[in-house]
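Peer 1: In order, the protein sequence lines correspond to chains A and B. Here the first sequence is numbered in my numbering, starting from 1 and rising by one per residue. Here the second sequence is numbered in my numbering, starting from 1001 and rising by one per residue.
Certain hints may be false.
Think about it this way: if two alpha-carbon atoms lie no more than 20 Å apart in a straight line, the pair counts; the simulated EDC-like pairs of lysine to aspartate or glutamate are [unchecked claim]:
# : chain 1 : residue 1 : chain 2 : residue 2
1 : B       : Lys1011   : B       : Asp1105
2 : B       : Lys1011   : B       : Asp1038
3 : A       : Lys22     : A       : Asp54
4 : A       : Lys77     : A       : Asp54
5 : A       : Lys95     : B       : Asp1105
6 : A       : Lys95     : B       : Asp1056
These are calculated hints, taken from the structure and not from any lab test. Source: prediction; values computed, not measured.
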Amino acid sequence: AQSVAQPEDQVNVAEGNPLTVKCTYSVSGNPYLFWYVQYPNRGLQFLLKYITGDNLVKGSYGFEAEFNKSQTSFHLKKPSALVSDSALYFCAVNKPSGGSYIPTFGRGTSLIVHP
Amino acid sequence: DAGITQSPRHKVTETGTPVTLRCHQTENHRYMYWYRQDPGHGLRLIHYSYGVKDTDKGEVSDGYSVSRSKTEDFLLTLESATSSQTSVYFCAISQTVNQPQHFGDGTRLSIL
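Hey, can you work out the whole structure from these sequences and the hints?
Peer 2: So, in structure tokens, the structure goes:
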């Protein structure tokens, strides 16, 4: 099974509407979870992380993510989408491996915000 | 932005030739990573390093080798390039394994 899954290849939303980009994980224990964003021809940029504590994590550019342990999910959200939010979004989890952790990324979700 | 430089940014080469990609950091971070990005696969870890001369394999390490002789440099080598290694390669760094990674802008490698 994949350690981290992003079930949607693409999400379309109108500007001003709330957006959600979904992520589920399947690692044991307490996961370290991350969201990154990628703009064309650039490397990934860190948005936010969950390690422990509050289930609602606030990050850069008005994004937030909700950690749900019972559903093993870490969905990315924003109350009001901007056209400039259009980009590729990646969820990542640190997977235990041989006493350490290996970062594992989802396949990415393309977010398209329509004017 | 974190100080990460990848070189070259673009390269076209032929099957069977050796290729070396370089990642240079100015942040003194302990961890360095090499990924490849392909449509439909997201980012896949090739190799990573947790210190000078300390490296380990990722999920797609076959056909690749790495070296880290200095904290600031992490080299990825394709000993004999194949067309299946055509991809965009990203280097990343982090202070610890559970801290966020900072990425370079990638190397677009085409193997004909």
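Peer 1: Now, for every hint given, state plainly whether the structure supports it.
Peer 2: Going down the list of hints, with the structure as the test:
no.: 1; hint: B:Lys1011 to B:Asp1105; verdict: holds (14 Å)
no.: 2; hint: B:Lys1011 to B:Asp1038; verdict: holds (16 Å)
no.: 3; hint: A:Lys22 to A:Asp54; verdict: holds (19 Å)
no.: 4; hint: A:Lys77 to A:Asp54; verdict: holds (15 Å)
no.: 5; hint: A:Lys95 to B:Asp1105; verdict: violated (25 Å)
no.: 6; hint: A:Lys95 to B:Asp1056; verdict: holds (14 Å)
Hint 5 alone, counting from the list given before, is not met by this structure.
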